[in-house]
Amino acid sequence: DQQVKQNSPSLSVQEGRISILNCDYTNSMFDYFLWYKKYPAEGPTFLISISSIKDKNEDGRFTVFLNKSAKHLSLHIVPSQPGDSAVYFCAASGGTGANSKLTFGKGITLSVRP
Amino acid sequence: EAQVTQNPRYLITVTGKKLTVTCSQNMNHEYMSWYRQDPGLGLRQIYYSMNVEVTDKGDVPEGYKVSRKEKRNFPLILESPSPNQTSLYFCASKTNRRGTEAFFGQGTRLTVV
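Sequence lines, in order, name chains A and B.
Quick note, this note's numbering runs 902 ahead of the 1-based positions in the first sequence.
Quick note, this note's numbering runs 81 ahead of the 1-based positions in the second sequence.
Don't read these hints as lab results, they were simulated from the structure.
Misleading hints may appear alongside valid ones.
[What the hints assert, rightly or not] Simulated restraints on C-beta separations:
id: 1; chain 1: A; residue 1: P984; chain 2: B; residue 2: Q187; range: 21 to 29 Å
id: 2; chain 1: B; residue 1: N88; chain 2: A; residue 2: V980; range: 34 to 42 Å
id: 3; chain 1: A; residue 1: S976; chain 2: B; residue 2: K99; range: 39 to 47 Å
A virtual CB, placed ideally from N, CA and C, is assigned to each residue, including glycine.
With the hints as constraints, model all of the structure from the sequences given.
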């Protein structure tokens, strides 16, 4: 059973516009959510995170929104740049006896068109 | 520089020939983990370790072994590799504190023929 779902496999946006990447989860015990970015031939790198006690966290062009009642989070990138083209993974942690474990979604491939 | 180092980066092997992929981190992290990435399946956890001598199965442990004899090292062992283990493998480390980020290695591209 997939606990972290990224239902859209890909997204294409124009440079300068907003990119919105969505993520849903099923385990209500998750209390931290993280986004990772991955370029080809490299390991994933941490981008931004949010605690379940917050509904928004912002870092420069990147903002993550959390809707706990809907078990939904989204990553907004504004403005989008060609260098943002990558695979984005949503991850969640928490739950009984699993404070450290990260559960990942399948990833979304973002393409930013110049 | 804080980093997670995997070796080798690329490996082609034959079915049944035992191999080990090494992983080392220099951040004194308690938690280490192995993932495999396959098209359409994302990152799936193979094994993880909360600390020295403490390991547990992830979501796809079949065909793999791990050991954690030292805090910095977490090797992944394939005793008898099969073609369905052809994949891109990532090692990661983090602290055991809630909500902390994981640091990933560069990946190991394994092909089993």
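These are the hints, each one checked on the structure:
1. A:P984 x B:Q187: 21 to 29 Å: Check passed, 23 Å falls within 21 to 29 Å.
2. B:N88 x A:V980: 34 to 42 Å: This hint holds: roughly 39 Å between Cβ atoms.
3. A:S976 x B:K99: 39 to 47 Å: Given about 44 Å between the Cβ atoms, the range holds.
Checked against the numbered hints above, the structure violates none of them.
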